[in-house]
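Could you build all of it, start to finish, from the sequences and the hints given here?
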Amino acid sequence: MPAKKVALVVGVSALVVAALIAVYFVSSIREGREGVKLVIVTRLYPEEQEAIRKAFLNSSIAKEYNIIDVEFRKEDYSKWAELSESGYVDGFFVGEKYIYDVLCSEGHLSSFTLKELVDAVKRLDRRYYGMDSRGGYCWVAVGQAVYGFIINRVFLEKHGLQEPQKWSDLTKVDYLKPLLLGESTVSFPRPTKSGTSRTVVHGILQKYGWEEGWRVLTIIAMESSIVDSSEKARDEAAEGVVAVAPAYIGYGIEAEKAGHGAVFKVPKGEGILYLSLAAVASKAKHPKEMQAFILWLLSDEGQKTLARLFYYIPVREDVKGIEWVERIYSELKNNIFNYDRELATKIDKAVTAYFEAALADPDSNMLLKEIGRELALLLENKKIGLSKAHEILSSVGKLLVVKDPWTGRGEEFTLEYALSINDKLKDKEEWAKFYNAVKTAAIEHYRKILDEIKALG
Amino acid sequence: MRYNYPLLLVLVLAPLLLVVTPILLILIDFDLFQSLRLVLSQPGVLSSPTRYPWYSVAVVDGVKYIVLRGPMMGALWDSLLLASVSALTISLLGLLASYAAVTHHSSWRVWLACIVLSLPSFPFVDALVLRRLLDSNYGLTSLTKPLGFVLVPSGFAALYVYEVVSWLPLLAVMIGAYAAAIPREEFEAAIQLGAKGLSLLRLFARLVRPALITVYVLGFVLVLDDIGGPYVFQDDPFARGLLAFRAYSYFIESVYGEISLMGIGFSMLLLALTLLTFLLGYKWYSSVSEALSIGKPGTRFNLATKWSIPIIVIIFAPSLIVKAASVAYAFTDKWVGPVFDVGLGSFEEFFSMPNMVRSTLNSSFYALLAVSVMLVWGIPSAWYVARRQRASSIIDLLMSLPLGVPGIVLAYAYFFIGTRHLPSFFNPLNNPSLLLIVGYAARRLPIFYNGLKALVKGVPAQLDEAVYTVGGKTRHVIIRIISPLLLARTYALILYAFYSIATEVSLSITIGGLAGYEGWGHSAPLMYLVPAYIGFSSQRYGGASAVAILFTYTLCTIVATLFYWAISSILGPRRRARGTYKSV
Numbered sequence: 001m002p003a004k005k006v007a008l009v010v011g012v013s014a015l016v017v018a019a020l021i022a023v024y025f026v027s028s029i030r031e032g033r034e035g036v037k038l039v040i041v042t043r044l045y046p047e048e049q050e051a052i053r054k055a056f057l058n059s060s061i062a063k064e065y066n067i068i069d070v071e072f073r074k075e076d077y078s079k080w081a082e083l084s085e086s087g088y089v090d091g092f093f094v095g096e097k098y099i100y101d102v103l104c105s106e107g108h109l110s111s112f113t114l115k116e117l118v119d120a121v122k123r124l125d126r127r128y129y130g131m132d133s134r135g136g137y138c139w140v141a142v143g144q145a146v147y148g149f150i151i152n153r154v155f156l157e158k159h160g161l162q163e164p165q166k167w168s169d170l171t172k173v174d175y176l177k178p179l180l181l182g183e184s185t186v187s188f189p190r191p192t193k194s195g196t197s198r199t200v201v202h203g204i205l206q207k208y209g210w211e212e213g214w215r216v217l218t219i220i221a222m223e224s225s226i227v228d229s230s231e232k233a234r235d236e237a238a239e240g241v242v243a244v245a246p247a248y249i250g251y252g253i254e255a256e257k258a259g260h261g262a263v264f265k266v267p268k269g270e271g272i273l274y275l276s277l278a279a280v281a282s283k284a285k286h287p288k289e290m291q292a293f294i295l296w297l298l299s300d301e302g303q304k305t306l307a308r309l310f311y312y313i314p315v316r317e318d319v320k321g322i323e324w325v326e327r328i329y330s331e332l333k334n335n336i337f338n339y340d341r342e343l344a345t346k347i348d349k350a351v352t353a354y355f356e357a358a359l360a361d362p363d364s365n366m367l368l369k370e371i372g373r374e375l376a377l378l379l380e381n382k383k384i385g386l387s388k389a390h391e392i393l394s395s396v397g398k399l400l401v402v403k404d405p406w407t408g409r410g411e412e413f414t415l416e417y418a419l420s421i422n423d424k425l426k427d428k429e430e431w432a433k434f435y436n437a438v439k440t441a442a443i444e445h446y447r448k449i450l451d452e453i454k455a456l457g
Numbered sequence: 001m002r003y004n005y006p007l008l009l010v011l012v013l014a015p016l017l018l019v020v021t022p023i024l025l026i027l028i029d030f031d032l033f034q035s036l037r038l039v040l041s042q043p044g045v046l047s048s049p050t051r052y053p054w055y056s057v058a059v060v061d062g063v064k065y066i067v068l069r070g071p072m073m074g075a076l077w078d079s080l081l082l083a084s085v086s087a088l089t090i091s092l093l094g095l096l097a098s099y100a101a102v103t104h105h106s107s108w109r110v111w112l113a114c115i116v117l118s119l120p121s122f123p124f125v126d127a128l129v130l131r132r133l134l135d136s137n138y139g140l141t142s143l144t145k146p147l148g149f150v151l152v153p154s155g156f157a158a159l160y161v162y163e164v165v166s167w168l169p170l171l172a173v174m175i176g177a178y179a180a181a182i183p184r185e186e187f188e189a190a191i192q193l194g195a196k197g198l199s200l201l202r203l204f205a206r207l208v209r210p211a212l213i214t215v216y217v218l219g220f221v222l223v224l225d226d227i228g229g230p231y232v233f234q235d236d237p238f239a240r241g242l243l244a245f246r247a248y249s250y251f252i253e254s255v256y257g258e259i260s261l262m263g264i265g266f267s268m269l270l271l272a273l274t275l276l277t278f279l280l281g282y283k284w285y286s287s288v289s290e291a292l293s294i295g296k297p298g299t300r301f302n303l304a305t306k307w308s309i310p311i312i313v314i315i316f317a318p319s320l321i322v323k324a325a326s327v328a329y330a331f332t333d334k335w336v337g338p339v340f341d342v343g344l345g346s347f348e349e350f351f352s353m354p355n356m357v358r359s360t361l362n363s364s365f366y367a368l369l370a371v372s373v374m375l376v377w378g379i380p381s382a383w384y385v386a387r388r389q390r391a392s393s394i395i396d397l398l399m400s401l402p403l404g405v406p407g408i409v410l411a412y413a414y415f416f417i418g419t420r421h422l423p424s425f426f427n428p429l430n431n432p433s434l435l436l437i438v439g440y441a442a443r444r445l446p447i448f449y450n451g452l453k454a455l456v457k458g459v460p461a462q463l464d465e466a467v468y469t470v471g472g473k474t475r476h477v478i479i480r481i482i483s484p485l486l487l488a489r490t491y492a493l494i495l496y497a498f499y500s501i502a503t504e505v506s507l508s509i510t511i512g513g514l515a516g517y518e519g520w521g522h523s524a525p526l527m528y529l530v531p532a533y534i535g536f537s538s539q540r541y542g543g544a545s546a547v548a549i550l551f552t553y554t555l556c557t558i559v560a561t562l563f564y565w566a567i568s569s570i571l572g573p574r575r576r577a578r579g580t581y582k583s584v
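Protein chains in written order, with our numbering: chain G, 1 to 457; chain Z, 1 to 584.
Everything labelled a hint here was simulated from the structure, so no lab data went into it. Wrong hints could be hidden among the right ones.
[What the hints assert, rightly or not] Here are the simulated lysine to aspartate or glutamate pairs, DMTMM-like style, with alpha carbons at most 20 Å apart:
#1 G/K257 - Z/D341
#2 G/K54 - Z/E348
#3 G/K398 - G/E444
#4 Z/K145 - G/E157
#5 G/K398 - G/E356
#6 Z/K64 - Z/D135
#7 G/K433 - Z/D31
#8 G/K426 - G/E106
#9 Z/K334 - G/E256
#10 G/K428 - Z/D29
#11 G/K428 - Z/D31
#12 G/K257 - Z/D333
#13 G/K158 - Z/D135
#14 Z/K334 - G/E47
#15 Z/K64 - G/E380
#16 G/K382 - Z/D61
#17 G/K383 - G/E452
#18 G/K158 - Z/D61
#19 G/K257 - Z/E348
#20 Z/K64 - G/E157
This is how it looks when you write it as structure tokens:
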């Protein structure tokens, strides 16, 4: 090839590459140029993030505070404390009250300083905001919604199962039948990964009492495929891979829209109203603008947007004009019970560690499934009756006696014990020790029961 | 023989600095003994408490559901067994397909077509697709219902099917390429002596034994390191128990805080297993690497039977079906249960997501830079080793070493040095791009380098000597002689490198999105967004993810072609290079 042509090729290639690189980098730094970009950690999924982002960026408050973009990051709760201190994020939006309480008590949240926001918070009912030790407002609720479950009728019909009305209905032996086909009746997210799961676990413990609650949870775990997110659980129920999945109303309606037999229900008398919160990170780069975002969430426009997008009930009593939301919730009124958030906060670490080790861990869960499958087989072959099956299920779900990793003594996992160890479990290594101790006890217990069941066959 | 000590130093230091040192730093900073003790003392790691039956049968409405699970023996043994059984199956199927392929030109062409069509990987999407195809209610497995039975693979069995279907095309290439280059004489002598059928196959297996062992070793390492399959099949306890998935879970939980000792323990256990396997198989891998030139005319035996082509098609059918379904998924509005609505809804969804579109650009861009690094790093190394200069065996080992390092281990190592030992510019929490580019280059270099090495061996050493005789230096040999001659034949290699980097999973899913992945300006690669969105909603984003991967392949093809054209023009006229090569 002549030298001129080579030079031309080199020149054109260099220009194209340079232009591509320039476009790439210019587009990367576009956002930082002329205004503020907020980075907010959330539990919303992308479509919801985009909807709220668009609505906010079009608002007068965003323009007033020169906020040109909002980046939402969906992150595990386990990362929130470190994220708050990292300087990479400005605040938090949506997620469990317990998480915000812990962040607030450990100093990972900045208290509100923006006058308009402080005034707006002062006007709210006391249950809608949290205060730090210095008397500052460290979080505020911007809406509330309900937790229930998604039920897939196609799955139920295939297995000839009745529609559960309450969580405890799932303890009936009929729901073990899908295990024989290698399927699961429920899709249940891990409580350390999902706020929905965490609240439902606490809700069941409070509604049924500590001992009976763990029995119900154990049997549900036996029938469950354990997943890492409430989105995956929702999808499995929407698609008919399972019959039941815990969900908040927004995800429930999303599953219904998939059109494959899924409906959202609030379990009779077991609906839990949850608060959806917002807060400012302790090392936020833009604390003022983050507060402006929260102020917008509490504005008329913000409250109506949340109702429209996520089926939230406004926390401000003076916001009117969204009757359809009020109608839905007035119908639910009798299905909702008084969920004690303070108690849940006090025992959360212990409850989630116990759930993860005894019920969700791959080995523990597989053993539970083996027990469930053996029971279903015995029933099918009429080797045992219903009462014997229920008796066995009861014994599976009884509270474990765990070898306390700090004293070496055997301790039954009572409510008092959970309260006493909860704070210790904030340390990751201590959590791991307790996890191993619970898992060991669970495996021993389940194996013993399994041997008894096999002897019956 | 001339000694190039400065070059030797650079070639030794590069892999040491980019791969070995970050891992060593972890070992120094953390108590390895304590972390391994924590891992091995956890119940369920060394032995499984469950005796769940390998298979069971249940009858519903007169249909027998045969549930195939396979064993559960503890996380360590499950991972090892899955890796070894999958690798063994891949090796045997690859052997059979290659045997059928080399029997005749027509079967070779069918083999090549099967490989080319099933080679492009659709990470996460293909696992999602396979899951649906295996669904006992509406998947392909349910088609046997009228016959009165349905096979339901789950646990070990489901993962085993996934791993074999995923890795077979890539690894079968090696056996086929090696088989195409084996000498005819022994085989023909055997035929003349009356050998046929199984005895011929046995002879063929003996002749391609180095390739078989290599495929087994690489298959073992790839399956042990795989996160994509367990990620999609995570609702089964077996998948969640595998070592790579456990290491990944601990990594995700400790990104912003203290790095978990359990995570380090699982990673190091994984590293020990893969490295040991790789080192044991290194001798064979090294000898096979030179035969990796697909499509090169090679040995054909004119032995074709009516079974040759059907055997090849049957062996590749599952991979082809999964790939076809993955592509078809892109042309759906939605896929929920058995409902498969054809339409362009997934394209609309994809183009309405600026962050997903951006991630395809990011991945193509990272591939471009990583391939540039690979060329700059790979060509001198290939030349140095091919010419058997001093310590070339050490360099060869170091260049191949990343094959034995699981991606998740490299992710831990890069995350660790990026957040603790390097300036904040390299911190993946601010900017993962640089670490990704280096990591991609390091991970994909071994195969690329081996391809280059085989090509360098085809260039007579007299050409090098001629340069030295007229006063040239080593750099002149590499830039003026070797590079142009190599580049004339590396288009396929470059294209493959682009594809494999753009769809790399382990580094992408771990450190790729740590600086955020929203909006247009983010730096996350495609393989961070695809699992994230499939996790958010596989129904909504499964199709869009398939479109994103197709779009990335298209982008990569364009960029790789332009890149190849540009560097060929810069380093030497392609035609002349090709002419020189041929005349040589």
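Status of the hints after comparison with the structure:
For the hint pairing G/K257 with Z/D341, the CA-to-CA distance comes to about 15 Å; that is within 20 Å, so the pair holds. For the proposed pair G/K54 and Z/E348, the alpha carbon gap of about 19 Å is at most 20 Å, so the pair holds. The straight-line distance between the Cα atoms of G/K398 and G/E444 is roughly 13 Å, inside the 20 Å bound, and the hint therefore holds. A hinted pair counts as satisfied when its Cα atoms are at most 20 Å apart, and Z/K145 with G/E157 qualifies at roughly 18 Å.
Simply put, G/K398 and G/E356 have alpha-carbon atoms about 16 Å apart, close enough for the 20 Å limit, and the pair holds. Pair hint Z/K64 plus Z/D135 holds up; C-alpha atoms about 15 Å apart against a cutoff of 20 Å. Between G/K433 and Z/D31, the direct Cα distance comes to roughly 17 Å. Compliance with the 20 Å bound is thereby established for this hinted pair. Annotation: proposed proximity of G/K426 to G/E106 holds, straight-line Cα distance about 11 Å (limit 20 Å).
A hinted pair counts as satisfied when its Cα atoms are at most 20 Å apart, and Z/K334 with G/E256 qualifies at roughly 14 Å. Under the criterion of a C-alpha separation no larger than 20 Å, the hint pairing G/K428 with Z/D29 is consistent with the structure, at around 18 Å. Among the hinted pairs, G/K428 with Z/D31 is consistent with the structure: their alpha-carbon atoms are about 16 Å apart, no more than 20 Å. Proximity of G/K257 to Z/D333 is assessed by CA-CA distance (about 14 Å); at most 20 Å being required, the pair is judged to hold.
With a C-alpha separation of about 14 Å, the suggested pair G/K158 and Z/D135 falls inside the 20 Å cut-off, and the hint holds. Taking the CA atoms of Z/K334 and G/E47, the gap is near 16 Å; set against the 20 Å cutoff, the hint holds. With a C-alpha separation of about 15 Å, the suggested pairing of Z/K64 with G/E380 holds against the 20 Å cut-off. This hinted pair checks out: G/K382 and Z/D61 have alpha carbons roughly 18 Å apart, not beyond 20 Å.
Between G/K383 and G/E452 the alpha-carbon distance is near 13 Å, which keeps this suggested pair within the 20 Å criterion. Distance hint between G/K158 and Z/D61 is fulfilled; the C-alpha atoms sit about 10 Å from each other, no more than 20 Å. Distance check on the hinted pair: G/K257 and Z/E348 sit about 19 Å apart at the alpha-carbon level, within 20 Å; holds. Proximity of Z/K64 to G/E157 is assessed by CA-CA distance (about 18 Å); at most 20 Å being required, the pair is judged to hold.
Violation of the numbered hints given earlier is absent; every hint is satisfied by the structure.
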